[in-house]
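Peer 1: Okay, here's what each chain looks like letter by letter:
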Amino acid sequence: MQLHEYQAKRLFDVAGIKVQTGLLARTAKEAARAIAKLTPPLVVKAQVHAGGRGKAGAIKFAQTAEEAQRAAEDILGMTLRTKQTGQAGLVVKSVLIVEASDIDSELYLSIVTDRASRGPMLIASRAGGVDIEETAERDPDAILKFEIDPVRGLTDHACRRVHFFWSNGTFGMKDTAALLKGVYDVYMRSDATMVEINPVVVTPEHELLALDAKVATDDNARFRHPEWEAWAKGHDRDAREVEAEQHGLNYIKLPDGTIGCMVNGAGLAMATMDVIKNHGAAPANFLDVGGGADVEAVTAAFRILAADSDVKAILVNIFGGIMKCDIIAEGILAALGSVKLTVPLVVRLEGTNVEQGRRIIAESGLDCETAVDLSDAAEKAVAAAGA
Amino acid sequence: MQLHEYQAKRLFDVAGIKVQTGLLARTAKEAARAIAKLTPPLVVKAQVHAGGRGKAGAIKFAQTAEEAQRAAEDILGMTLRTKQTGQAGLVVKSVLIVEASDIDSELYLSIVTDRASRGPMLIASRAGGVDIEETAERDPDAILKFEIDPVRGLTDHACRRVHFFWSNGTFGMKDTAALLKGVYDVYMRSDATMVEINPVVVTPEHELLALDAKVATDDNARFRHPEWEAWAKGHDRDAREVEAEQHGLNYIKLPDGTIGCMVNGAGLAMATMDVIKNHGAAPANFLDVGGGADVEAVTAAFRILAADSDVKAILVNIFGGIMKCDIIAEGILAALGSVKLTVPLVVRLEGTNVEQGRRIIAESGLDCETAVDLSDAAEKAVAAAGA
Amino acid sequence: MAILVNQSTRVICQGITGKAGSFHAAQCKAYGTQMVAGVTPGKGGEVVDGIPVYDTVREARRRHGADATMIFVPPFAAGDAIEEAATAGVGLIACITEGIPQKDMMLARRVVDDQGVRMIGPNCPGVITSEECKIGIMPGYIHKKGCIGIVSRSGTLTYEAVWQTTQLGLGQSTSVGIGGDPIHGMGFIDILEQFEHDEQTRGIILIGEIGGDEEERAADWIASHARKPVTALIAGRTAPPGRRMGHAGAIISGSSGGAEDKVAALKEAGVAVCESPTDLGRTMKEQLS
Amino acid sequence: MAILVNQSTRVICQGITGKAGSFHAAQCKAYGTQMVAGVTPGKGGEVVDGIPVYDTVREARRRHGADATMIFVPPFAAGDAIEEAATAGVGLIACITEGIPQKDMMLARRVVDDQGVRMIGPNCPGVITSEECKIGIMPGYIHKKGCIGIVSRSGTLTYEAVWQTTQLGLGQSTSVGIGGDPIHGMGFIDILEQFEHDEQTRGIILIGEIGGDEEERAADWIASHARKPVTALIAGRTAPPGRRMGHAGAIISGSSGGAEDKVAALKEAGVAVCESPTDLGRTMKEQLS
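Residue numbers (our numbering), protein chains in the order written: chain U, 1 to 387; chain Y, 388 to 774; chain X, 775 to 1063; chain F, 1064 to 1352.
It cannot be assumed that every hint is accurate.
[What the hints assert, rightly or not] Below 27 Å or equal to it, Euclidean Cα-Cα: the simulated BS3-like pairs (lysine-lysine) are:
hint	chain 1	residue 1	chain 2	residue 2
1	Y	Lys480	Y	Lys620
2	Y	Lys532	X	Lys817
3	U	Lys340	U	Lys312
4	Y	Lys664	F	Lys1348
5	X	Lys919	U	Lys324
6	U	Lys181	Y	Lys568
7	Y	Lys711	F	Lys1207
8	Y	Lys664	F	Lys1330
9	X	Lys918	U	Lys324
10	Y	Lys561	X	Lys793
11	U	Lys277	X	Lys1059
12	Y	Lys568	X	Lys817
13	U	Lys174	F	Lys1106
14	Y	Lys620	Y	Lys640
15	Y	Lys711	F	Lys1082
16	X	Lys817	Y	Lys561
17	F	Lys1348	F	Lys1207
18	F	Lys1082	U	Lys174
19	F	Lys1208	Y	Lys711
20	U	Lys214	U	Lys253
21	X	Lys1041	U	Lys277
22	X	Lys793	U	Lys324
23	Y	Lys620	Y	Lys447
24	U	Lys324	X	Lys803
25	F	Lys1106	U	Lys145
26	U	Lys181	F	Lys1106
27	Y	Lys711	F	Lys1092
Hints in this document: simulated from the structure, not taken from any laboratory.
When you get a sec, could you build the whole thing from the sequences and use the hints?
Peer 2: Laid out in structure tokens, this is it:
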């Protein structure tokens, strides 16, 4: 889960990372109350999951309280469209209003889970406020990257390494260490996969301040973070995805697709999408019903696909392993007893007892096509969808 | 530093280890106040650093408050003599009064710093309340011993290992884990070299309770434990040893010796004691003035030796390395300008510029003998002491 | 010979008294695997399908001398179960559990490495040497002894490859599911190395997917080390960036982890990359002839 | 050849701007050691006795390619300094600092081991190959190139042995002070092994003391591996139990760590054990003739 800036900054605060004084507002009235408590100049920041907020007009600087109120009212309710939000855009439901800081210089800091080294990786840059991938291309010497041993933790000498890489002599070693240890603490305690501060600013008073805050957490650790449920409520999510999750399904709605897919196994589900694309159409979704593909999962899956008006045809692709094809075929029939489909259905079964499975479907009188392999299935589904 | 039981139990309490409700008393009056707050039956325990308190009558069980008061008055001020205290014995200055517990069974638990594996070692035994070395001899199968990786910490599976070794099915895995994690926490946070609970008792209510508490801490970690200074005040220490420590000297008073030793280097100091013993006398002390043997250290050392009435002769044994023998000889003369010796002095110098060193002492008119080697020096010192 | 496991491998199952654990331990035993013991803390003394249960891995090993373990312990305790197995001296760990926090895996991985233990998974179907030893949840009966080594990040795609190679009469030496999590044990290269040195294996099927750069690194390794033919599939060419496609590890992050780079790297290394999983067996067979 | 260090060893000094660090770095340089750089965080850019100072070990190494480090960092930061050196790729660490908490050393030791680094000390005089390379606080000029290898837990007792072997014309290959702390780096056996394989070394002087059982383990090793003659001294035969004799590690605990067991084990292994440090050189010479 990607946290909102204000949520991430609460974690920062607990970990002793300095952030600007600020308050959250969901309405113009809340904004007025917040602004009354803060000392201008202020900055009003849209709380949405998208980069490029500044360019899109979703972060505004306000010299006075009146300006700040106007900015908050402008931003609240606006629809933000950036590279990351896609065409639909995101509606801004809350703003974070903070006291502006004087800035001497800007730095970059993040700790991310690195797959290759299978542990946390610290990334620091002398260039803050700009995209780290851009810096990597333009000026690789401005970036310091090293692994942290998660068992040993973040050591003092690792902090010194960053300090002497960063330091222009204005801020102290202790400030750097406090910031780094705070960020590592947030990373470990919050089961984060990424904690990023871009930029860290050095103030004229030689303080290190987290001007922005990005934290992504590991969904697998949900069970030890009951607080996440409340946090997730502030997030925009596709209603179908939420429903699928409740049924234990892995479902992702995809834009501009017409073929609804139902597959067992994440890898096979991706491969199915790929083959549909090869046949000139686009998948309407990713959907993994799980290795077992049992009746409840299949029923819930059909219900979700049937409710999607983008779907013009459904392709079911199941490999029968431990759960054999004849059992799966019966499960599909049972599921379709309770879900009414209005679009064509193509079923491809493979694996153990595949012949019996195909026969069961053929003899059921179900209005569907069966396919001999995945290419055949994709071809038939694409044709059926009229794409 | 060896902590008193009541000090160790305060650490236990913070770490969530269950101990009996109890209060400390230094006087009969304090004892009365404590007893009034507690529910009999009670146990009154002398707070001294010595095993075998029970056998020596320094732990008493009291059925009633009146019995407890008598016991406290008996124990406070008594002189305890056990194998560990030596002939002089220890005067009991405080007692810990605790509410007695019902006991179903007794276990043993300790975590000690193990030199061989260079990390913490956990030792658990099914036989509590008896000496662990005795158990090791009598019934080695009753003991479980394993290393803990100090970087990884005490893991859940390590706790389970102890639990299933210990368990008679009465207490739960969570109780074992809480106890073990508490002990490990005390060990790490207090820079301990040993945390021992003997016995851990299992109560009829299936609770695990630390009936006793032994904690030894690492003096090297003093700088991060300001609380230790106050704790040390409750301890009996030789006044000369305290004075020596203030001068940065390593000094240990030894019983029944007559030759005062002053040596540079701990190893050489021990070897000097050994050679004195070989010559039929006993050293009155261990004293390492440090590798450099500078004037201040030597002066302070002479002062301590001169004040010890057991000392019948002084043997100075210095190897001149970085600090050369001539400089050391001048240092000795300077020191003896401010400290008056009333016992014979034997000086053995060796190392760089040894000839000049010996000549300086010989020509100074100082009333002392010089020796060519350590055996010679010991022989002369023993003769001078009239031993 | 095959790799990693064979008919003499002695296996324990951690989490054997759970629903999945008991079912699959029985399935493995029925397949012919020497399933010598199970472990569930607090259930020592029980018996599951004729398999004795112990409280700790150490105890199970002491009694039965296990070489490998299959882990079905639930996510919150699975990292610790891996560490228990590693420190108790089990040489091969196959962790089936899905949903283990990444932090737990980072810590467990260090212990596994320190102990020099081999780990497969987590979030994987396991490992099977056809007609000898099955450790995991794959359908045993689709496997047939033969000459193809299979290594995959995906479960059902592995079964597709197994099924096809069985249908085509090639069969398999060993099939290894390395798992769909970003932090996992043995990787493509570890398994490729073993297949390369295994006499029974004549060709290798590699099934990758989006996320990370293991396929790219495997391609590098293949280019300089592999002499046996490799057929590959990369799933997720049409996956959108920034979304987890079922597997925790299947995600395109920024400019890295996309399928195109993986396909290109593998092709560059001389690997036959299939467009559809349907083509895996046929392509492998063509490469071998 | 000698062991561990020689004239081509490039050395840095951590804590070089402190009183002891600057004094001894200069002394080592004067002895002929290639003292290429110093490290003190926050003092990068300074120069001590012609030796350039850097903020980090990594930076010092990058500029000067150091093989070894001599650590004079104060106790509260010394464990971290050891870890810094180990993770920065320095191959040999000589930690002179006395008074490091045992916990810090337990943690540092794990990092040192993980990195495969050799560590001498802490709480030791250092290591010196006579007339080639001195890393530590020993008086250089008493050392003379020769054939005796010395390994010791004590500082001044080492100097006694060095002095005597120099006076007797034997000289030394390398003298190593392994330190007086209970938790330390290389032990007797590590050094004995190296002396055994070193052509320059013809005889070995081992100086032990009460506490622990390293001498007993060394005796075991000597009994089965040593072909060169060994002379030994065990200090502390008259030390009372339960008291620390200066060194943190010199303490008899309960029934273990006493001198008698050590002397007996060494004698059993064929080692010539001296009664007095005065006899070390003479005994060694007799063993060699």
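Peer 1: Hint by hint, say whether it matches the structure.
Peer 2: These are the hints, each one checked on the structure:
Restraint check: the Cα-Cα separation between lysine 480 (chain Y) and lysine 620 (chain Y) comes to about 12 Å, which is no more than 27 Å; the hinted pair holds. Simply put, lysine 532 (chain Y) and lysine 817 (chain X) have alpha-carbon atoms about 24 Å apart, close enough for the 27 Å limit, and the pair holds. Distance hint between lysine 340 (chain U) and lysine 312 (chain U) is fulfilled; the C-alpha atoms sit about 14 Å from each other, no more than 27 Å. A C-alpha spacing of about 26 Å is found between lysine 664 (chain Y) and lysine 1348 (chain F), which places the hinted pair at or below 27 Å, so the restraint holds.
As the CA atoms of lysine 919 (chain X) and lysine 324 (chain U) are separated by approximately 21 Å, the hinted pair is consistent with the 27 Å bound. The suggested pairing of lysine 181 (chain U) with lysine 568 (chain Y) holds, with an alpha-carbon distance near 24 Å, which does not exceed 27 Å. Pair hint lysine 711 (chain Y) plus lysine 1207 (chain F) holds up; C-alpha atoms about 17 Å apart against a cutoff of 27 Å. In summary, the hint linking lysine 664 (chain Y) to lysine 1330 (chain F) is supported, as the alpha carbons are separated by about 21 Å, within the 27 Å threshold.
Note on lysine 918 (chain X) and lysine 324 (chain U): the hinted pairing holds, with a Cα-Cα distance of about 17 Å set against a maximum of 27 Å. For the suggested pair lysine 561 (chain Y) and lysine 793 (chain X), the alpha carbons sit about 24 Å apart, so the restraint of at most 27 Å is met. Taking the CA atoms of lysine 277 (chain U) and lysine 1059 (chain X), the gap is about 26 Å. The hint holds against a cut of 27 Å. A hinted pair counts as satisfied when its Cα atoms are at most 27 Å apart, and lysine 568 (chain Y) with lysine 817 (chain X) qualifies at roughly 23 Å.
Restraint check for lysine 174 (chain U) and lysine 1106 (chain F): the C-alpha separation of about 15 Å stays at or below 27 Å, so the hint holds. For a cut-off of 27 Å, the pair hint linking lysine 620 (chain Y) to lysine 640 (chain Y) stands: about 19 Å separates their Cα positions. At roughly 19 Å between alpha-carbon atoms, lysine 711 (chain Y) and lysine 1082 (chain F) fall within 27 Å of each other, so this suggested pair holds. Between lysine 817 (chain X) and lysine 561 (chain Y) the alpha-carbon distance is near 15 Å, which keeps this suggested pair within the 27 Å criterion.
For the suggested pair lysine 1348 (chain F) and lysine 1207 (chain F), the alpha carbons sit about 15 Å apart, so the restraint of at most 27 Å is met. Proposed proximity of lysine 1082 (chain F) and lysine 174 (chain U) is supported: the alpha carbons are some 24 Å apart, at most 27 Å. Between the alpha carbons of lysine 1208 (chain F) and lysine 711 (chain Y) the distance comes to roughly 21 Å, so the proposed pair stays at or under 27 Å and holds. Proposed proximity of lysine 214 (chain U) and lysine 253 (chain U) is supported: the alpha carbons are some 25 Å apart, at most 27 Å.
Restraint check for lysine 1041 (chain X) and lysine 277 (chain U): the C-alpha separation of about 20 Å stays at or below 27 Å, so the hint holds. A hinted pair counts as satisfied when its Cα atoms are at most 27 Å apart, and lysine 793 (chain X) with lysine 324 (chain U) qualifies at roughly 19 Å. For the hint pairing lysine 620 (chain Y) with lysine 447 (chain Y), the CA-to-CA distance comes to about 25 Å; that is within 27 Å, so the pair holds. In summary, the hint linking lysine 324 (chain U) to lysine 803 (chain X) is supported, as the alpha carbons are separated by about 19 Å, within the 27 Å threshold.
Straight-line distance between C-alpha atoms of lysine 1106 (chain F) and lysine 145 (chain U) comes to about 23 Å, which keeps the hinted pair within the 27 Å bound. Pair hint lysine 181 (chain U) plus lysine 1106 (chain F) holds up; C-alpha atoms about 23 Å apart against a cutoff of 27 Å. Simply put, lysine 711 (chain Y) and lysine 1092 (chain F) have alpha-carbon atoms about 19 Å apart, close enough for the 27 Å limit, and the pair holds.
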